[in-house]
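Trainee: Protein chains in written order, with numbering that gives the first Met the number 0: chain F, 0 to 117; chain U, 0 to 202.
Simulated from the structure, these hints should not be mistaken for laboratory data.
Glycine residues also receive a C-beta, built at the ideal position from the N, C-alpha and C atoms.
Certain hints may be false.
What the hints assert, rightly or not - Some, not all, of what chain U presents toward chain F, calculated at C-beta under 8 angstroms:
| hint | residue |
| --- | --- |
| 1 | M31 |
| 2 | M104 |
| 3 | P136 |
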Amino acid sequence: MATILIVDDTAFMRMTLKNILEKNGYEVVGEAEDGVQAIEKYKEFSPALVTMDITMPNLDGISAIKEIVKHDADAKIVVCSAMGQKSLVIEALNAGAKDFIVKPFQPDRVLDSLKKFQ
Amino acid sequence: MDKNSLKPEQIDILKEIGNIGMGNATTSLSKMLEEKIKMDVPEVSLISLSEVPELVGGPEKPVAVVFSKALGEVSFFIIFLMPEHSALNIIKALTDGETNEFCYMGRSVIREVGNIVGAAYLSALSFLTNYTFKQTPPILAIDMAGAILGTIFAEADLADDTLLLIKTILNTELTDFEGYLFIVPNWEKFKSIVEILGLELEE
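This is chain F alone, in the form it adopts within the complex (with noise of 0.2 angstroms):
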């Protein structure tokens, strides 16, 4: 069973994927409500995959998936964010994001997407 972290601000978002996650297998290990909670809580759980939101307080996405894979460079991170702008898109992956996902998705999408990178 893999780990997940999700990271999101918003409480509902990160219950909708909370739910669709533990359906479908996967243990999450922690929630992070911003991007330094995010850091931490890689660090402490070094769970398999993450869900990364972009726009959070204190420390955005972008800011986070670069912190992050500086500690662990195999870190899969799969960014799930409103904000689809391309040029934001490519900024994340550059980053080091592995994925992106726009708001609102299919549970579908999500799945398809982690399941890549177990």
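Got chain F sorted already, so can you dock chain U onto it with the hints?
Mentor: Leaving out everything else, chain U in the frame of chain F:
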């Protein structure tokens, strides 16, 4: 600057961005609700600050408002306003009927809906201008329309009196929903967007 100093073709461009942005937002909402949503053609207009409370049903009308600042080559405020009953309907729809009040989870639903609608508008604007916009984390307020809008407009430190309003009414079989999207630009700077698009249109 006020709305009278914009040329008709510039107003048309702003309306077109509004249409595309709201089209994106509707697609997004429809996906969230897993329902086909019928969208009335959005009414895009330029209005004065003082007209806003009346437009949404009076200053004492209870509303939920999600607002954030778009940051980029041009910065502006994005405000998404829903009448209270619309907000409650969408909370109910998105939590499969488990929540129909402004509790912690209900507020979180509304914040995410506002976030997605605002981001959809920014995607349209980015696509048309090649500018990139980031967004501050959205803030949610639930109160009377007059109180919330007064606070936001004071915060926005507006030099001008004109807002871009995109009003749309969305209907689904199960969810009645009405939302108003306001763009509050600093017109001196926002003009550069209009100019860019104007030049592109002439090509």
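Trainee: Checking each numbered hint in turn, tell me which of them this model violates, lowest number first.
Mentor: none
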